[in-house]
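In my numbering, the protein residues as written are 1 to 748.
Hints are computed from structural coordinates only; laboratory data are not their basis. These numbers come from a predicted model, not from an experiment. Glycine included, C-beta positions come from ideal geometry on N, C-alpha and C. Treat the hints loosely; a few may be bogus.
Claimed, not checked - Simulated restraints on C-beta separations:
#: 1; residue 1: Thr491; residue 2: Tyr573; range: 14 to 22 Å
#: 2; residue 1: Arg603; residue 2: Asp474; range: 33 to 41 Å
#: 3; residue 1: Lys251; residue 2: Lys323; range: 20 to 28 Å
#: 4; residue 1: Lys353; residue 2: Phe212; range: 42 to 50 Å
#: 5; residue 1: Glu689; residue 2: Thr491; range: 26 to 34 Å
#: 6; residue 1: Lys464; residue 2: Asn421; range: 26 to 34 Å
Unchecked claim - Distance condition first, Cα-Cα at most 20 Å in a straight line; then the derived PhoX-like pairs of lysine-lysine:
#: 7; residue 1: Lys338; residue 2: Lys385
#: 8; residue 1: Lys370; residue 2: Lys156
#: 9; residue 1: Lys26; residue 2: Lys99
#: 10; residue 1: Lys289; residue 2: Lys338
#: 11; residue 1: Lys236; residue 2: Lys289
#: 12; residue 1: Lys557; residue 2: Lys583
#: 13; residue 1: Lys511; residue 2: Lys464
#: 14; residue 1: Lys79; residue 2: Lys209
#: 15; residue 1: Lys414; residue 2: Lys370
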Amino acid sequence: MKKVGIITLTKNANYGNVLQNIAMQKIVNELGFEAETILNLTNSPLFNKKNFSFANLVKWILNYNGYRENEKRNENFRKCCSKNLQYSNVTYNNGRFSKEPTGYEYFITGSDQVWNPTFGFATEFELLGFVPKNRKISYAASFGVDNLDMLSDSRKDDIRHYLAEFSSISVREDSGERIVRNLCSTPVETHVDPTLLLKRQEWEMLAIKPKFNLKKPYILVYMLGEISAEYQMAIKKIAKQNNAEIINALKGKCKVINPLEFIWLINNATYVCTDSFHASVFSIIFHTKLYIFNRRDQHANQNSRFTSLLRQCGIQKDKVIYKKNLEDSSIDWECVDKYIEKERERSFEYLKKALSKEKVVVNQIEILNKKDCCGCSACAQACVKKCITMRTDYEGFTYPEVDLSTCVQCGLCKKACPIINADSNSNEMLHYPAYAAFADAENVRLRSSSGGIFTLLAENVLHKGGMVFGAAFDDEFMVSHIGIEHIEEITRLQGSKYLQSRIGNTYYEAKVALDAGRQVLYSGTACQIAGLKGYLKKEYPNLLTLDVLCHGVPSPKVWNSYLRSQEVLHNGYVRRTFFRHKKYGWKTYALLLEFSNNKAYERIFAEDPFMQMFLSNICLRPSCYACKFKSLSRPSDITIGDCWGIDNIYPDMDDDKGTSIVFAHSEKGMDLLKKIWGEMTYKEGNIEELLPNTADSRKSVSPHPNRNTFFAALDAGENCDELLKFVKPKVSILGKVKRKIKVIIRID
Numbered sequence: 001m002k003k004v005g006i007i008t009l010t011k012n013a014n015y016g017n018v019l020q021n022i023a024m025q026k027i028v029n030e031l032g033f034e035a036e037t038i039l040n041l042t043n044s045p046l047f048n049k050k051n052f053s054f055a056n057l058v059k060w061i062l063n064y065n066g067y068r069e070n071e072k073r074n075e076n077f078r079k080c081c082s083k084n085l086q087y088s089n090v091t092y093n094n095g096r097f098s099k100e101p102t103g104y105e106y107f108i109t110g111s112d113q114v115w116n117p118t119f120g121f122a123t124e125f126e127l128l129g130f131v132p133k134n135r136k137i138s139y140a141a142s143f144g145v146d147n148l149d150m151l152s153d154s155r156k157d158d159i160r161h162y163l164a165e166f167s168s169i170s171v172r173e174d175s176g177e178r179i180v181r182n183l184c185s186t187p188v189e190t191h192v193d194p195t196l197l198l199k200r201q202e203w204e205m206l207a208i209k210p211k212f213n214l215k216k217p218y219i220l221v222y223m224l225g226e227i228s229a230e231y232q233m234a235i236k237k238i239a240k241q242n243n244a245e246i247i248n249a250l251k252g253k254c255k256v257i258n259p260l261e262f263i264w265l266i267n268n269a270t271y272v273c274t275d276s277f278h279a280s281v282f283s284i285i286f287h288t289k290l291y292i293f294n295r296r297d298q299h300a301n302q303n304s305r306f307t308s309l310l311r312q313c314g315i316q317k318d319k320v321i322y323k324k325n326l327e328d329s330s331i332d333w334e335c336v337d338k339y340i341e342k343e344r345e346r347s348f349e350y351l352k353k354a355l356s357k358e359k360v361v362v363n364q365i366e367i368l369n370k371k372d373c374c375g376c377s378a379c380a381q382a383c384v385k386k387c388i389t390m391r392t393d394y395e396g397f398t399y400p401e402v403d404l405s406t407c408v409q410c411g412l413c414k415k416a417c418p419i420i421n422a423d424s425n426s427n428e429m430l431h432y433p434a435y436a437a438f439a440d441a442e443n444v445r446l447r448s449s450s451g452g453i454f455t456l457l458a459e460n461v462l463h464k465g466g467m468v469f470g471a472a473f474d475d476e477f478m479v480s481h482i483g484i485e486h487i488e489e490i491t492r493l494q495g496s497k498y499l500q501s502r503i504g505n506t507y508y509e510a511k512v513a514l515d516a517g518r519q520v521l522y523s524g525t526a527c528q529i530a531g532l533k534g535y536l537k538k539e540y541p542n543l544l545t546l547d548v549l550c551h552g553v554p555s556p557k558v559w560n561s562y563l564r565s566q567e568v569l570h571n572g573y574v575r576r577t578f579f580r581h582k583k584y585g586w587k588t589y590a591l592l593l594e595f596s597n598n599k600a601y602e603r604i605f606a607e608d609p610f611m612q613m614f615l616s617n618i619c620l621r622p623s624c625y626a627c628k629f630k631s632l633s634r635p636s637d638i639t640i641g642d643c644w645g646i647d648n649i650y651p652d653m654d655d656d657k658g659t660s661i662v663f664a665h666s667e668k669g670m671d672l673l674k675k676i677w678g679e680m681t682y683k684e685g686n687i688e689e690l691l692p693n694t695a696d697s698r699k700s701v702s703p704h705p706n707r708n709t710f711f712a713a714l715d716a717g718e719n720c721d722e723l724l725k726f727v728k729p730k731v732s733i734l735g736k737v738k739r740k741i742k743v744i745i746r747i748d
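Throw the hints in and build the complete structure from the sequences for me.
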C-alpha cells in the first residue's frame, strides 16, 4: 500500500493537535493509502535560558504537584496516541531528519496552526521544503494569525518561496487565504478542519467516558487564555440559568484526561464555554450549546479562526460569540449539519484530486533539504537559459531558485551539482606525502593567517601570466570570489575570511581563461572546488585547484549584523577587517576591526561575539553539518590549513608565527609544491599526526541545539550581543539548582 507522510503539530499534549491528526490519518487511510505522522522532536525544555528566572523556579517549587499532574496527563496522551495514531520511523529534530524520509508517495502538511510563525512554525519542515513539488500537499493549514506584519521581509520571502512550490494550497481560514494570495500566485482555497471530515457517529464511537463520576447537568469550561472577572460572571450566569455544575477541563480530575475523554465531556455537556478552536468544533459536531470567548492573553489576534469556522458551518456569530447581554440562542442543528456535509464533500474532492496527481519526472535542480545545498552556485552558472538565481533565505544563505517558465529541463544544473555528484568529485585516497610548512619570507607569513603557503603558490602562477581566484572582501566587507592577474593584488586574497564567499561568475571567468590556454589557480572551500569541476565538466591540464581546511561557513547575515552593531558602538564605519590578526601570535589570534574615525576594536576569538557564535556551530550553513567533503579525499589538487599541534610534532618549527599543513591529491598539485620548495621551510610528516581524524576538518560538526531559536531571534532584530545568550548561557547558582531539580523529577 502506498504511504503518505503527515506533517503536523506533534510535540505538545494538546487536544486539538491529536484529534485533528487522528481524523487526518483516518481520512487518508479511507482514500486507499497508509498514513504515518512524522514526529517533530524539536524541543523547548521547561527550563531554558529564555524563560528561566528565580520567580519561575519558586513558582515551580510551589506548584510541584501541578507539574506531576502534567506528567500524568502527558502519559495519558502518549497512550492515546500510541493506540490511535501510526507514526513514521523517521523523526525530525532541530532541522535534521533521523534518516531520509523515503518511501512516501505524498506528504501532507496540516492541519491546525502548522504555519503559525509566532509559535516558531512555518519553517522548511512544516512548509514541506524537503518534498518534491509534485508530491507536496497542504490541507487546512492554519497560520493562526490574521496577517504576517510581525515578520521581517526576509522571513516573509522565505515563506513565499516555499508556498510558491505547491501546485495548490489548502488553508483553514479566510485570513490564511488572504495571506497566501498576498505572498504568491499559487492557487489557494479554504477547507474545513480534518475533525469535521469525520461524522458525529464516528467520533461518538471513538469517545471514551472518563474513569471518574460526573454530576449532570454540567457546564464544561475550557479556556486556554485568561478568564477575566467578566468572563467568570458570564459563566456563572450560564450555569445558574441551566441549573448546572461548572467543570473546568484544566483543573482537578479533568486535567489529566486524554483527547478521547475530552470529546466525551463535550458530547455530554449541557453547555461549553471556551476560547479553543477545537473545543468549539466538537461542540458543533455534537450539537452542544456553545459560547465562544475571545482569548485575552494572545500577542496575535486568533479570532479569524472562529469567523471561518462559523461561516463553514452556517452559524451566525451572534448565536455563539460571547457578548455582555447573554441570550440563550437556539441553533438549527439540522441546517448546520447540511452546511458541514457540503463542506465535507468539497474537502474530500480536494484531497482525492491531490492524492491522485501524476508523478512528473523533473530534470532541474530541486533543493528538498537545505543540507543538500552548499551554495556554490555551480547550477546557476551551468544553466544556459539563465533561469536559475541564487536566492538569499532568512538565515542569510543562498539557494538556487528555478524559473520554471523558462527552464527547458536540460538537466545541466543537476550534472554540475557537487552534492548530487559527490562520489565522483573526490580523489579516492591520499597518495602523496603531507607536510608541515611555512614561507621563509617573514612579511609573507605575517600577512597570512597561517604559514603563507597560498601566497607562494599564487605568486608562482601569476609570474607565468596565469590567473588566481580566491575570496576577497568587497566594499561592504562581505566576501565574494574574484580573479586577479597581478602580484600586487594578492593582498586581497590573503588571510582567512570566516564567511561563505559568493562565487559570482568566477567559474565562467576561470573557464574563459582556461580555454585561452592560461594557467589558473582556483582556491576555495572543498565544496566550491567540487562545484567548479562540476561546472567545467572536463579536466584541464592548465587548471590547479586549492582547497582550505574548513570548520564550516557562518551566515553572512550574522556577520553583517555584527559589523553594523560594531559601527554603532564605535561611531564609525568599518575601514579594514582582519579575522586572524597575529599581534598576540598565531595561536592566540585575534579579530581586528579598524574604523573610519581611527578607532580600533581588537578581541581574541574567545572574547568576541561573532567568533563565539561561529565556533559554537550555532550559525553555520545547514550543509556544513553533513559535509560531503570532510575527509582526506578532496576534490582539489592541493589542500592547506593550520597545522595545530606543531609544538608536539616538530617543536623546532613552532615559533608562533604560523605553520601550515599541506598535502597534494594529484601529480599537478605535487609539481606545483615542488616549484616553491626553495621559498619555504617544510618537513614531511604523518597525516594522522598533522591532521588527526578527530579534527573538524575531517568530520562534520554537530548543530547547536539552539540554532533554530537563534536564527528566529536574529530575524526578529536582536543584535549579536543579545544573540549570545543562545550560545552558552551563564551558569549561576540558580542554574545549578535548576539542573539538580531536573535530574530529580526526570523532566526531558
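For this session: Find the hints from earlier in the document that the structure breaks and name them by number, from lowest to highest.
Result: 2, 7, 9, 12
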